[in-house]
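*Asks:* Please take these sequences and the hints and turn them into a complete structure.
Numbering-wise (my numbering), the sequence shown opens with residue 1 and increments by one.
Rather than coming from a laboratory, the hints here were simulated on the basis of the structure. Computed from a predicted model, the values in this text were never measured in an experiment. Please note: incorrect hints may appear among the correct ones.
[Said to hold, decoys possible] The calculated lysine-lysine pairs, modelled on DSS-like cross-linking and capped at a C-alpha distance of 25 Å, are: (1) 168 - 67; (2) 87 - 144; (3) 66 - 9; (4) 9 - 33; (5) 168 - 144; (6) 159 - 196; (7) 196 - 213; (8) 33 - 89; (9) 196 - 14; (10) 66 - 87; (11) 14 - 33; (12) 17 - 78; (13) 87 - 53; (14) 9 - 58; (15) 67 - 53; (16) 33 - 58; (17) 159 - 193; (18) 205 - 78; (19) 87 - 37; (20) 144 - 89; (21) 66 - 53; (22) 168 - 213; (23) 159 - 17; (24) 87 - 9; (25) 67 - 17; (26) 205 - 144; (27) 144 - 213; (28) 14 - 87; (29) 9 - 53; (30) 54 - 67; (31) 159 - 89; (32) 159 - 205; (33) 194 - 106; (34) 66 - 54; (35) 58 - 78; (36) 54 - 17; (37) 37 - 106; (38) 14 - 159; (39) 106 - 196; (40) 37 - 66.
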Amino acid sequence: MTTLPQDIKERFYKTIKGEISLDDFEQWLYADKELEKYLNSNDYLDLISLSFKKSSAKYDLWNLLKKHIDHGEFETYKMLELLNEAKQKTDRLPYILMEFYDLYCKGYNFFQDLGIGIGLAVEVPRVNNTTADTYDELTSEQQKELLDSFSPELEECIKQVIYWLETKKIILTGEQDEIGHYEYEDLRTEEEKKSKLWVTVSEDKGTGFSASKNTLWDKQTEKKWWEFCK
1 MTTLPQDIKE RFYKTIKGEI SLDDFEQWLY ADKELEKYLN SNDYLDLISL
51 SFKKSSAKYD LWNLLKKHID HGEFETYKML ELLNEAKQKT DRLPYILMEF
101 YDLYCKGYNF FQDLGIGIGL AVEVPRVNNT TADTYDELTS EQQKELLDSF
151 SPELEECIKQ VIYWLETKKI ILTGEQDEIG HYEYEDLRTE EEKKSKLWVT
201 VSEDKGTGFS ASKNTLWDKQ TEKKWWEFCK
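*Replies:* Shown next, in the form of structure tokens:
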């Protein structure tokens, strides 16, 4: 696979994600000849010969760019962007937390705390004096109360996952198995794999089943509303 400098990799990533428009990429491609130094002549010709005006241009460009990026590196780039945005607590925070829950359900088990510990509590909120079924149905005050209740554990969990990715304790592959679950290499110690939020409340040694509760939810004024069996 082509070895590209980081600035070109990031330009490719942002173009595939739609953060750089086709027009902007086209202008850069023709104005900056640096890329020509890193691609073989056929691959470079494929890019500069691409018709950026045709309807399939975006799809065609993505296919050309994906030939020159490592899927695992791209997946890690996207994940760190998501985690850092959550760390900054932008307006998208609740939806990012719900995305963490979705990622957990799709195979990224290292999102246990951020996903099922916090994201699920946003996906299915339980707040006093409301019958709301979704986060968007809560009042602004209730939304703030819910998000505030996650601190400081939220910040600690975000920092932890960023650390795992940056130190390659978790190595993403960008691949999915036959049922669509994301695959990754887990090099964490058993101690690092332990949840910061879930504690075992009962265990059946005969069957191996255990019931756990989320200590973070105990901080909320609502009744203890959920137990997760695993």
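*Asks:* A separate judgement is required for each hint: does it hold in the structure or not?
*Replies:* Here is what the structure says about each hint:
no. : hint      : in the structure
1   : 168 - 67  : holds (23 Å)
2   : 87 - 144  : holds (16 Å)
3   : 66 - 9    : holds (10 Å)
4   : 9 - 33    : holds (15 Å)
5   : 168 - 144 : violated (34 Å)
6   : 159 - 196 : holds (12 Å)
7   : 196 - 213 : holds (11 Å)
8   : 33 - 89   : violated (38 Å)
9   : 196 - 14  : violated (33 Å)
10  : 66 - 87   : violated (28 Å)
11  : 14 - 33   : holds (19 Å)
12  : 17 - 78   : holds (9 Å)
13  : 87 - 53   : violated (38 Å)
14  : 9 - 58    : holds (17 Å)
15  : 67 - 53   : holds (21 Å)
16  : 33 - 58   : holds (21 Å)
17  : 159 - 193 : holds (14 Å)
18  : 205 - 78  : violated (40 Å)
19  : 87 - 37   : violated (37 Å)
20  : 144 - 89  : holds (12 Å)
21  : 66 - 53   : holds (20 Å)
22  : 168 - 213 : violated (29 Å)
23  : 159 - 17  : holds (24 Å)
24  : 87 - 9    : holds (24 Å)
25  : 67 - 17   : holds (15 Å)
26  : 205 - 144 : violated (41 Å)
27  : 144 - 213 : holds (23 Å)
28  : 14 - 87   : holds (20 Å)
29  : 9 - 53    : holds (24 Å)
30  : 54 - 67   : holds (21 Å)
31  : 159 - 89  : holds (13 Å)
32  : 159 - 205 : violated (34 Å)
33  : 194 - 106 : holds (20 Å)
34  : 66 - 54   : holds (19 Å)
35  : 58 - 78   : holds (19 Å)
36  : 54 - 17   : holds (19 Å)
37  : 37 - 106  : violated (39 Å)
38  : 14 - 159  : holds (24 Å)
39  : 106 - 196 : holds (21 Å)
40  : 37 - 66   : holds (18 Å)
Hint violations for this structure: numbers 5, 8, 9, 10, 13, 18, 19, 22, 26, 32, 37, all remaining hints satisfied.
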